[in-house]
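Visitor: Sequence:
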Amino acid sequence: MKTPILAAAFLLAAASAPVLAAPDVSFDQGVDVSAVLAQAKAAAKKDAKPVKALMRYDSDCATISFGPNDKTTSDRVWLRSQEWDTQCAPVGDPRHGGGQNCWEVPGPSWSQGVRITLQGRPALLPWERDSFQVCMNGPWSYADPIETAYDYKEVSDSGSGDFTMAAGARTPEAPDPTGVQADLSTAMTLTAKDKWSSYYPGEQIALKLTLKKHVTFWPDATVLDKTVTVPVAATYALNLNAYAAEFSQTLEAGKKYYVEYQVERLGGAVSKQVFTPELKTAQVAYAPAALAFAR
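Residue numbers (our numbering): 42 to 336.
Heads up, a few of these hints could be off.
As the list claims (entries may be wrong) - Quick list of the computed label-pair ranges, beta carbon to beta carbon: (1) D224 with P109: 51 to 57 Å; (2) D261 with P149: 54 to 60 Å; (3) E293 with Q222: 23 to 29 Å; (4) C102 with T257: 54 to 60 Å; (5) K296 with T113: 35 to 41 Å; (6) D266 with G308: 21 to 27 Å; (7) V269 with S100: 26 to 32 Å; (8) T257 with N142: 30 to 36 Å; (9) Q222 with Y183: 35 to 41 Å; (10) D266 with G154: 48 to 54 Å; (11) G209 with L307: 22 to 28 Å; (12) N110 with G309: 22 to 28 Å.
Stated by the list, open to error - Below are the DSSO-like pairs computed for lysine-lysine, each with C-alpha atoms no more than 27 Å apart in a straight line: (13) K234 with K313; (14) K249 with K297; (15) K267 with K297; (16) K194 with K234; (17) K249 with K236; (18) K313 with K297; (19) K267 with K254; (20) K194 with K236; (21) K236 with K296; (22) K313 with K194; (23) K321 with K267; (24) K321 with K236; (25) K234 with K254; (26) K194 with K254.
Source of the hints: derived by calculation from the structure; they are not laboratory data. Predicted model, so just to flag it, every value in this text is computed and none were measured. Where a beta carbon is used, it is the ideal one built from N, C-alpha and C, also for glycine.
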């Protein structure tokens, strides 16, 4: 497949392009113009051999991850990398504005089975995974951490695709993205269950809430944006009516509402202090009577 001329390739090929010698012409006799052109074309065709100017590799990558109950040596994953060589050939007479055409042709290719062995890894928390990226670029393969619960350093690379990674200091991962699950009642009480509360003793949790009203044929309306910080517990219950003074509009009976929410574990010793991806509750029809009955 032909590709645009690369600046580096142009300089290399132009420097190596031969100067075309003019055919011998006798001025004592008439000049046969067609013969001169034919000789020039023949000389150009003979000398216009492709020149290798640049090369690149197709990289091949895969993810290897380890859960709490996985063995510490992964299965092999097979990677393949292809070399592509850019070749160029002069076009026309370089003395008179001639240039070159460039195209890519496949060169050698390499394949290798790659695996990772973890050395000295402490236990992972139930939701954690040690994830690594393994890649092959030309004849070379390498492994890098993506997200891990410990600071891993490469201590052995056999050259045959076997990597040994030794665990160092703890590096907390992001919290479980679905560790806190919430529901909204018709009385606008948000109840959430914390699956991993026992792993965060003495810490706090930030609940970032957005109460929304479903609107047909229009973007849903935001009624409340609120971040609430509470001590970690097995369950959380928030009466959103307590924040009525902050509502952008009055709740309407029979209209459907839902909550988008995110969670941040505050403390940093167990999990990284980042908000989880956004989740949302099911839509419910607001029923003020239900609130009055609950009281």
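Visitor: Look at each hint and say if it fits the structure.
Guide: Hints versus structure:
no., hint, result
1, D224 with P109: 51 to 57 Å, "violated, 28 Å"
2, D261 with P149: 54 to 60 Å, "holds, 56 Å"
3, E293 with Q222: 23 to 29 Å, "holds, 27 Å"
4, C102 with T257: 54 to 60 Å, "violated, 45 Å"
5, K296 with T113: 35 to 41 Å, "violated, 54 Å"
6, D266 with G308: 21 to 27 Å, "holds, 24 Å"
7, V269 with S100: 26 to 32 Å, "violated, 45 Å"
8, T257 with N142: 30 to 36 Å, "violated, 60 Å"
9, Q222 with Y183: 35 to 41 Å, "holds, 39 Å"
10, D266 with G154: 48 to 54 Å, "holds, 51 Å"
11, G209 with L307: 22 to 28 Å, "holds, 25 Å"
12, N110 with G309: 22 to 28 Å, "holds, 26 Å"
13, K234 with K313, "holds, 20 Å"
14, K249 with K297, "holds, 20 Å"
15, K267 with K297, "holds, 19 Å"
16, K194 with K234, "violated, 37 Å"
17, K249 with K236, "holds, 18 Å"
18, K313 with K297, "violated, 35 Å"
19, K267 with K254, "holds, 15 Å"
20, K194 with K236, "violated, 32 Å"
21, K236 with K296, "violated, 31 Å"
22, K313 with K194, "holds, 20 Å"
23, K321 with K267, "holds, 14 Å"
24, K321 with K236, "holds, 17 Å"
25, K234 with K254, "holds, 23 Å"
26, K194 with K254, "violated, 50 Å"
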